[in-house]
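Enquirer: What follows is the residue order along each chain.
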Amino acid sequence: MNSFRYFPNSEKDIERLYRILEIKNKNELFGRIMGDIPLIDESLLETLSSCMDEKTLYRFFSDIDSNLPDKNKFSIFAGGGIYNHFIPSAVDSLISRSEFYTPYTPYQPEVSQGTLFALFEFQSMIAEISGMDVVNASMYDGAESLAEAVLMSIRLCKGNNNLILISEGVNPRFVSVVKTFIGDTDIKIENVVLDDKTGRTNIEDLKFKLKSKGKNGATVVVQQPNYFGVIEDLEELEPVIHGFNPRPFLIVSSTEPYSFGVISPPGFYNADIFAGEGNSFGNYMNFGGPLLGLFGAKKEYVRQMPGRIVGKTKDSRNKDAYSFILSTREQHIRRGAATSNICTNSSLNAVRAAIYLSLCSKEGFSEISLLNLKLSHILKEKLLKTKLFKLLYSGDFFNEFSLRILNSSVNVAKFIKEMAKREILAGIEISESDILISVTENNSLSDIDGYIKNAKAVLT
Amino acid sequence: MAINGEFYFAKSHEWISKNADDKFYIGISDFAQSELGDVVYVSFPEVGKVYEKGDKIGEIESVKSVSEIYAPVSLKIISVNSKLNDNPELINRQPYDAGFVAEAEVSDSSDVDGLMDKNAYESFITSIHE
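Protein chains in written order, with our numbering: chain A, 8 to 467; chain B, 143 to 272.
Hint data in this document are derived by calculation from the structure and do not stem from the laboratory. There may be inaccurate statements among the hints.
To be verified - Just the calculated beta-carbon pair ranges, DEER-fashion:
1. B:D163 - A:Y111: 38 to 44 angstroms
2. B:E210 - A:K186: 26 to 32 angstroms
3. B:E148 - A:N198: 56 to 62 angstroms
4. A:T320 - B:K165: 26 to 32 angstroms
Stated by the list, open to error - Calculated from the model, a selection of chain B residues having no Cβ within reach of chain A, i.e. all distances over 10 angstroms:
5. V192
6. E203
7. V208
8. E210
9. N229
We put the beta carbon where it would ideally sit given N, CA and C, even for glycine.
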C-alpha cells in the first residue's frame, strides 16, 4: 500500500526547526527528552527504519516492553462468518466524534447532513464492491439481511412463490435466522447439497429441485465464498437458475465481502439480491456482535427493498444535500403494508465501514484482499506438507479453507483446545474430524509458522 | 385520447367507464389524486388476471404515501396504461383521461350499475368531509 505516503515536514522545514531550536540533528532533539522516557534507549531510535506501516510500528513498540498492551497476543485463525481484520487507529479516532457516536436517530436532513453524507458514501462504496445497483444504509447483520432478502423475493413474486432453495454452503447460522423469520408462513425451505469433491453447490441437485417448482416462482440462495471457504462457480450457476420459467430469484449471500477485492462480486454475475455481512470492513469482532448487515439489489426491485436508503439531491440554494428517499416503503408511512419491520440501520458500524474503506483506497482494498488470499494459501500448503491434514474440498478458496485431521485419535474439539493453550485460535469445528481455518492480513508469516509448529506438536 | 362514457365510482375512490369497444377503463378519482399529492410511481395489475370486486389490483405511490388500488367490480385486466411508467404525473393532471390505470373486461356489467354515478360520488365526498 503505497498510495498514501505521509510527509509531515519537508527537509527545509526540518532545517528551519533545527535552527530555531539551536540543534543540529534528530539525535540532539530526542536526546534531551530521553530521561523522561526510560524504555527507549537512543540506540533503538537508530534502528527505526525511515517508514513503517501502522501495524509494524505498533509491533515495534510493543516488542520493546512486554508489559505494553499487545492487541495480537493470540493468533486468530477462526473465521466462520466473523473475521479478524486489521483496523487502523484512525477509524477509532474518527468514529469517536460525538456527531457519529452519541446522537439518537440522526436522520433529519435539516440537522444531520454529516451522518447522511457518510451513509451515502457507505452505500456507494458497498455498491461498488458488491456490483449491485442499489444498496441501503445497512441492516442489523448478515443473517437478518439474508432473511429480509428471502422475504423480498417472495413479495416480488406476488404470491406465486413459496419455495426457497438454500445451498448447504450457506452459513448454518444464517439459515437458522431465515427459518425464524419465515416460521409462521407457508414458505418451504429445501437444501441444495454440495458437490462431495469440489465443495461447490451441486448443479445437478439444483436443477432437479428447480424442476419441481413447476409454474411457480422460486428463490435460490448461495453464499460467496461459501461457509466451507470454497468459491462458488456463479458463472455456471447463474444462467442455469435464471433459465427456468418463471425466472427464479438469485440471492447471493456472503460473510466475507473482502473476497470481492480479488473475485468478481455478485452484481457481476447478475445476482438479483445481495445480502451479506460487512463486519470485515473496519469493525471489531465485538464478541460476535453487533455486526453490519449489507443489502443490495437490482434497481428495478428498489421498491420492495427493506431498510433505509439515503439519496442525494439539491437544497433550496442548489447545493448538494442528502436525505432518506423512497420512505414510502417504510413502516412510519406505510404501516401494515411496509416492506419490512426494520425502521433503522446499523449507522455507527456502517460509518466505521465507510471510514475504513476510504482509508484503504480502491487499490489498497484489492491489495489487502490479495494478501488474505496469499497468506491463507501459504498456511494451507504448509499444513498439507506436514501430512497431518488433508484438504476437505478441491474447490478454489479465498481466505478460508476446510481440512480433515488425519490423526483419528485427536478430534477437532481436542485440537482446538490444545492449540488454544498455546495461544492460537486454530479454527472452527465443522465435524469431529473437520476444521475450518481462516487467515487474514492480521496473521503474519511467523504466526503461520507458529501454527505449523504447534499443530505438529499437538498431532504427533 | 378522450374517455367519453359515463363514470361510475367505488367508495374506495376508483372510477370505471365503458368505452367504444365495450371494454372498461379504470382509474382513480380527481379527489383521490388530490389527496395523494404528486404521484411518482404506479404498480400495475397483472394483465390477463381476473380480480374479484374489492381485490387489491395495484398501488399508487405519491411523494407522501402509497395507496392501494382496489377492483371497483369483478373484472379481467386486458392492458395497463404503460405511459404512467414514465409520466406518473398524468394521474394528477388528467385523472379521468390520459391518467387512467388499466383497461378491463367486465363479465357482469350490472355490477357497474351498482356503483355511484358522478352526482352520488360528489355527495359521498362531501359526506365524508363533514
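Enquirer: Out of the numbered hints, which ones does the structure contradict?
Expert: Of the numbered hints given earlier, those the structure breaks are 1, 4, 6, 7, 8, listed in rising order.
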